[in-house]
Amino acid sequence: MTGTKEKTTRRSARFWAGLLLGTVGAIAGLALSGAIDADTALVLMLVPVIQTIPLMRAAGRRRDGAAGSLCGKGEAQKRYTRRVALFTALYLLSFGVLTFATAESEPAFALRSVLAVLPGLAVIGIFWAVGRLILEEQDEFIRMLVVRQSLIATGIALSAATVWGFLEAADVAPHLDAYWVAVTWFLGLFVGALSNRIEYGSWGAV
Amino acid sequence: MKNRLKVLRAERDWSQQALADRLEVSRQSVNAIETGRYDPSLPLAFRIADVFDMPIEAIFLRD
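One line per chain: the protein sequences are A and B, in this order.
Letter 136 of the first sequence, counting from 1, is numbered 136 in this note's numbering, and no numbers are missing.
Letter 48 of the second sequence, counting from 1, is numbered 48 in this note's numbering, and no numbers are missing.
Chain B extracted, bound-state conformation (with noise of 0.2 Å):
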């Protein structure tokens, strides 16, 4: 799964860690995730989605 988190986070001037502890996760999982490495539960994404305030489907993006 893709994802816009990289920019998001960008746009904001936001660090990995900086997102990790508004996520209240270790910034290896911002790193994990932004990667795509690491597809994040349906919590999680709703997690970030409130963070960024936006919906699911505009940061989480189908391959």
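Excised from the complex, chain A in its bound form (with noise of 0.2 Å):
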């Protein structure tokens, strides 16, 4: 048992960056072919969300040796990393729940409304998390890399967000949902990490 963690956690970031890349390919190539739906799409996408967590972890290990770790993770980092855990769970099953009792009959207006809430109110909870760490975080450095993070996801979210909204008044894109500018500030997590880790040689605590 302990010897497979070990295996696991010491996976090259080569190996994770290429798994991200491989997935999120692979959901991309699905959802274009028509194999799967949007909703299906949104939940697989979490996927590669996750899978930047231990990129990072390779990528900390990598640059700090065998005794290094992600910035050397602090009591606010492993609060974070509880918190977004148990929110990504909550929205799995609360996700899982409205697409199994929509598919399955047709629930009342009232509770439809508070099953469609559900998966919201877990995805604001990570949001939460994500505030908390800014304000928990002692260490300044890694305190200043997370709002840096942030912000760039949130450009990246807003910018997408409001380029798409034109080129759908205009009718020259399909229609999309609005939550998945919150799946695209994630990404934009990740691309904040990756800037971080240019400009400053880390990838941050997110």
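There's no promise every hint is true.
What the hints assert, rightly or not - Restraint ranges, calculated between C-beta atoms of paired labels, are given here:
#	chain 1	residue 1	chain 2	residue 2	range
1	B	V51	A	G22	22 to 32 Å
2	A	G125	B	G36	33 to 43 Å
3	B	V7	A	A161	29 to 39 Å
4	B	K2	A	L158	29 to 39 Å
5	A	A26	B	P55	55 to 65 Å
6	B	P43	A	A169	41 to 51 Å
7	B	E11	A	G29	53 to 63 Å
8	B	R22	A	A17	32 to 42 Å
9	B	K2	A	G25	42 to 52 Å
FYI, nobody ran anything at the bench for these hints, they're computed from the structure.
Here a beta-carbon is modelled for each residue, glycine too, at the ideal position from N, C-alpha and C.
Starting from the two chains in their separate frames, assemble the complex, guided by the hints.
What follows is the structure, given as structure tokens:
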């Protein structure tokens, strides 16, 4: 058990980066070919988001040597990881319930509304966890990296949403559900981490 | 802003992690400050000065 865990955590950053890109490519391919619908693609896109965590850990290990870890993981980062894991699990659970309930029957408007709000609340929980990390992180350099990463993600998500909105208004692009803004924000976090790595030599904590 | 962190650390034979532990920050922070990628806040600069028992201006220099 321990041996398996060690083997998993010792995968190289290149392995995780390849796996992440491969996953995104596979999901995009399946979605574009029509093999999976938009809802399924949305759920599956959580996988590459989660894959960024071991990728950053592996990159941190590579940089720091055997004794290193992602930014020396302080208490704030451990709490953040626990919170994100909890809200991700709640998201998957609530989204599964919503999908199952609407596929099997036609729930009343009130129930449908409640079920539809729950996955959104879980995602809001992840936003809250990032906010708490910024407030609780005692290391000013790491806090700056998280703020920078979040601003880059916000800039990317808002820019993409704005441009897409106008494209939609001009009937140039198809309609996308608004929750794709959140998905874009999470992918933007990865871009932000990459930018931190290039600019400051560290991936950050998110 | 330039600094003499790397030299001062080497004089004491401290690793980046050892200095980070004394400052209660991450090793990445020490590395970023040392390489000039990040300028510390005034409170952290005072902590660094305290650790080396030197005035701030003897550690951090104007460009």
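Hint check:
no. : hint                       : verdict
1   : V51/B / G22/A: 22 to 32 Å  : 46 Å, violated
2   : G125/A / G36/B: 33 to 43 Å : 38 Å, holds
3   : V7/B / A161/A: 29 to 39 Å  : 49 Å, violated
4   : K2/B / L158/A: 29 to 39 Å  : 37 Å, holds
5   : A26/A / P55/B: 55 to 65 Å  : 58 Å, holds
6   : P43/B / A169/A: 41 to 51 Å : 49 Å, holds
7   : E11/B / G29/A: 53 to 63 Å  : 57 Å, holds
8   : R22/B / A17/A: 32 to 42 Å  : 34 Å, holds
9   : K2/B / G25/A: 42 to 52 Å   : 45 Å, holds
Violated hints, listed in ascending order, are 1, 3; each of the other numbered hints is respected by the structure.
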